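Model the full structure from these sequences, guided by the hints.
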Amino acid sequence: MESTNGKPTAVTERQPWELYMLLGGLVVFTTLVVMNNVPPITPLLLTLITVGVGLALLLPLSAGALASLAIVVAWVLLRQTTGIWSAAEIPESIIEMCGIALLLGLAIRYRFVWHRQQQELTQLRELQKVLVAGERGTGILSFDVAMLRLDEELDRASSFGRPLALLLVDIEPRPEATNEDLQAVDQAITRKLSRAASVHDIPFRASNTRVGLILPERDWQRLYEHAESVTTAITTGRYLDRSGKGQHIHDKVNLTFGLGTYQGETATSVDLMQAAQDSLNVSRDLADLDGNLAMPTFAMPATPIGETAVGSANNGDGR
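For the sequence shown, counting from 1, position 121 maps to 145 in the working numbering; every step adds exactly one.
Everything labelled a hint here was simulated from the structure, so no lab data went into it. Incorrect hints may have been included.
[Said to hold, decoys possible] Computed spacing ranges between beta-carbons, pair by pair:
(1) Val-100 x Gln-147: 52 to 58 Å
(2) Leu-172 x Thr-66: 54 to 60 Å
(3) Val-294 x Leu-148: 22 to 28 Å
(4) Val-294 x Thr-54: 55 to 61 Å
(5) Gln-211 x Gly-185: 35 to 41 Å
(6) Pro-67 x Trp-41: 28 to 34 Å
(7) Arg-198 x Asn-305: 19 to 25 Å
(8) Gln-211 x Leu-81: 48 to 54 Å
(9) Asp-243 x Gln-211: 30 to 36 Å
(10) Arg-198 x Arg-140: 52 to 58 Å
Since we're looking at a predicted model, the values are computed, not measured. In this text, a Cβ means the ideal position worked out from N, Cα and C, and glycines have one as well.
Structure, rendered in structure tokens:
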């Protein structure tokens, strides 16, 4: 089993060694009992071993520990009733008792590790249900789950020196839009976002009027190109109204885009979210100045590229 970030958990790495030690201990201890005891008592001792290991593996941890203690006591009593506690055999008997105690301890330890593994599997299955189902079957994650994934991607970007970006899309209804229109537009936007996302991208919903996309696993050039393709797919998207006619998404809502980027500095998911929010603010201001639909404006955490580009264009016009 693997954890959600693709790395084996500590329980997973340890579990095979517990099993190997238990099997090896069974072989060694069974050989020791057979070689050091006469035939009449050997079957009884082997039966105690089998019962003790079985109880330790099958019962709950506390009950298994008590059962193992009872097996050790039964072992001592059996050895005593056979009358072979002679001075010459005391060291061998002590070794046998230590051996069965160690063997039962390994069985309990394996039961504990197995129990932990089942808990982790249950948690992983629950998380997989969320990741697979998403929002209305579109694969759009909730905000809380997306922030967990963003933390993981930030760790990966920091470890491997890769770029990472967070794209936010604000959806502002226009006055003439009805509730039915907005519902159809919302579904169209989430579908467009999910379809435009590549296999490594992580689409999510931040609120009723905001969706987003985490963009990992790309170099800088491909990252910006893909962000532009996503925003273009959304802004040029269409939806079906009540009469079944295709309508443009931007006829009913204003769309604003913001892109926050991770550049290798020390940052958290909160920092990256704030960078994307700053970019959204720049995009919204530029759209208000132009009086047009807000188109993509990409901003770095410190320097908004869109703002710089607009300044250069204004200088070129002689303004």
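Results of checking the hints against the structure:
1. Between Val-100 and Gln-147, the C-beta spacing of about 42 Å breaks the proposed range 52 to 58 Å.
2. The hinted window of 54 to 60 Å between Leu-172 and Thr-66 holds, with their beta carbons roughly 56 Å apart.
3. Between Val-294 and Leu-148 the Cβ separation comes to about 26 Å, which falls inside the hinted range of 22 to 28 Å.
4. A C-beta distance of roughly 58 Å is found between Val-294 and Thr-54, which places it inside the suggested range of 55 to 61 Å.
5. Taken as a hint, the range 35 to 41 Å holds for the pair Gln-211 and Gly-185, whose Cβ atoms sit roughly 38 Å apart.
6. One distance hint, 28 to 34 Å for the beta-carbon pair Pro-67 and Trp-41, holds here, with the actual separation near 31 Å.
7. The given range of 19 to 25 Å is respected by Arg-198 and Asn-305, whose C-beta atoms sit roughly 20 Å from each other.
8. Taken as a hint, the range 48 to 54 Å holds for the pair Gln-211 and Leu-81, whose Cβ atoms sit roughly 52 Å apart.
9. For the pair Asp-243 and Gln-211, the beta carbons lie near 33 Å from each other, so the given range of 30 to 36 Å is met.
10. A C-beta distance of roughly 54 Å is found between Arg-198 and Arg-140, which places it inside the suggested range of 52 to 58 Å.
This entry does not satisfy hint 1, going by the numbered hints stated previously; all others are met.
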